[in-house]
Amino acid sequence: MTLKEHAKEKWTDRMIEHMVIAVLKVGLLSASGLMLVGGCFFIWQSGIDESYLQHFRSEPAALRSIPGIYQLAMRGDPTGLMQMAVVLLIGTPIIRVAFSALGFAFERDWKFTLIALVVLTMLISGIFAGIVGG
Amino acid sequence: MESLVATSPLLFEAILFVASVVAGFLGALTGLGGGTIIVPLLVLAFAVDLRYAVGISLVCVIATSSGAAIAYVKEGYTNVRIGMFLEIATTFGALTGALVASYVSKSLIGVVFGLVLLISGYYSTFGKVKEELVAKADPLATALSLNGTYPTPEGMKSYNVAAVLPGFGMMYGAGVLSALLGIGSGALKVLAMDTMMKIPFKVSTTTSNFMIGVTAAASAGVYLGKGYIDPVLAMPVMLGILLGSITGARALHRMTVGSLRTVFAIVICLLGIEMIYKGISGQF
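Protein chains in written order, with numbering that gives the first Met the number 0: chain H, 0 to 133; chain S, 0 to 283.
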């Protein structure tokens, strides 16, 4: 590749980077906002007991799967809301990869569209693998 | 301090928040990730179980990586192709590591974590940036369009990528380590890219920062399903790290970080020694 072709590719790369940053900002903002809300609900409760943190037992099933977390969050359960925020946070790099895949497809770089999709698939399957693997 | 968790949980959360802000701030300035302070703090000071701590550390890494990413001014160093290609290895490694994590003894994890802290601290102080020589491109690198250019004071310089397959292999290892310890393995990635693959240092560090969040997300997904990530723990840590790392990244170009790095490195080494001691004496 010539330096000129590199420069042109860099321009599209930069455009995608700007989009990615915008997506990241939205993702992080919503995750933080949700965490703040959930956190406030949590603190407002009485009878908070965190001693379980010193002896490991796995989290309750509802907090381990996305549907479960979503349901808890919709009911306004503080831990559900906070865990949902964590899910959003975990999701931001995943969305970043998805946008990279889109960007490569836009540039008609099919090799790297495929590479990005492979990474994306592994990322998404991780969440399911964890639940199954238990 | 340990009893605070049971007796004054809100005070515990407050301390954790402040510590996370500091950790995120220092992490953004020194490149020594989010979890390096939080994990030892949780485990050594508060006797929180290591499994929960490692889960939270992954949350830290994603928060640090994403926070820094939106705050750093884009200078055109990151090579997304190299990053994405190597991600195949790191993500696969992270999935492998996360799935077997529950079978690895906590003592071993504690000791290895301590060792990584020591090595990180050492390299942070004594690691030298090598002379930038343009290497001969690995044919695989050319076939995959991995070679690139980056801005220098003298204009755009091109570079070639060498040793693609060994680099790929090392990235797999970095992924496994990331999943087992809850770290970003950023230093390991930079090492592989800079030393093995002969990629210019600034490209290596920025590309590594792009990668660590993705690797951590892979492990975090598995850990979430396994129930290692606790939302109550995540709350102060995630908010604190985001605040700290975004502030730190913005402050970066206004600060000289030389002595700060050294102090941080010393602290890290001390924490590392304590972790190793605890691991060897079976206190995990």
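In short, the hints are calculated from the structure, not lab data. Among these hints, one or two may not hold up.
What the simulated footprint calls covered on chain H by chain S, stretch by stretch (three residues with Cβ under 8 Å from a Cβ of chain S suffice, anywhere in the stretch; the number is not a length) [as the list claims (entries may be wrong)]:
1) 18-29
2) 32-43
3) 48-59
4) 62-76
5) 83-96
6) 110-123
The beta-carbon is built from N, C-alpha and C at its ideal position, and this holds for glycine as well.
Now for the hints, and whether the structure bears them out:
1. 18-29: Per the Cβ count (5), the hint holds.
2. 32-43: holds (count 6)
3. 48-59: Answer holds; 10 residues pass the 8 Å Cβ test.
4. 62-76: Holds: 3 residues of the stretch 62-76 of chain H have a Cβ under 8 Å from chain S.
5. 83-96: holds (count 11)
6. 110-123: holds (count 9)
Of the numbered hints listed earlier, not one is contradicted by the structure.
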